[in-house]
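Engineer: Residues per chain, in single letters:
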Amino acid sequence: MAIKKISFIVDKLPYKGESSRLALTHCIASQTVEIHLEDDENVEPVLAFVGDGVLNCLKNQDAAAYGVSTLESHIKNALLTDIKVLICEEDVKRLGLSEDALIMDAEDLGADMTSQIVPFSEIMAEMESSVHLMYF
Amino acid sequence: MSKLTIGCFSSLVGSMTLDFAVKLAEAARKKGHDVDMWLSGNGTMLSKKGQRSFKDYSSLEKTMTELVAGGMTVVACEACAEARGFHKEDLIDGFGRKSMDWYLASCFGADRVLHIGGE
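Those protein sequences? They're chains A and B, same order as listed. Reading the first sequence from the start, the letters are residues 1 to 136 in our numbering. Reading the second sequence from the start, the letters are residues 1 to 119 in our numbering.
Because the hints were derived from the structure by calculation, they are not lab data. The structure displayed is predicted, hence computed values, not measured ones. Heads up, the beta-carbon is just placed ideally off N, CA and C, and yes, glycines get one too.
Pairs of lysine-lysine, DSS-like flavour, derived with a Cα cap of 30 Å:
(1) A:Lys4 x A:Lys84
(2) B:Lys98 x A:Lys4
(3) A:Lys16 x B:Lys98
(4) B:Lys31 x A:Lys5
Away from chain A, derived, C-beta distances all over 10 Å, residues of chain B:
(5) Ser2
(6) Arg29
(7) Lys48
(8) Arg52
(9) Gly70
(10) Asp90
Hey, can you work out the whole structure from these sequences and the hints?
Structural biologist: Here you go:
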């Protein structure tokens, strides 16, 4: 079976621009990519938040003022579709965040996957083992 | 001959990033490589027909039309285009409109992917 790993790396702030939202929507699109591929082919997505991008992972987001869906709902959808979600540990510490403040699961949607706070070296290892990198 | 997939997320007017991507695609085609170009986010602006050429702004419609006529595949994200008021009838002839999974599928089959992010 041919599977190609594609890493989506997000270092942009949420709601400042469209980049992090596009990263999530493109990553979640891997859910339906198989309709374009042969039976034995598929894409394995990895979504990693680094730098200021870890702020996309904050809980209790409210985008009602903008009338748009939250990045929180997109991250939960990613977990629901079994996407590996990594959050850079060093940046979590640098920004003074705790695990409690971050979206670590999507149990309310019925997702089994959880986010992982990992050292940057693990994110690098994921990037090195990926066939393609998409940097947002 | 190899296949290059270029994902473009930057706007046409406001940066020269799309100009760079198109020049790169043109160079790859001249060398005989297959090129898929994906336009998403503000990059979908490149897919709109009827753009008027001003000296002070980039105008890539002619170049892109020639590249598509020569066999390059150009596809715009339909959701990003619709959100910006670009409908199917507004597309430059020969351009495609598909959902984001098309881009991932193109990447799957590509020898190299250049993902050129947005602002």
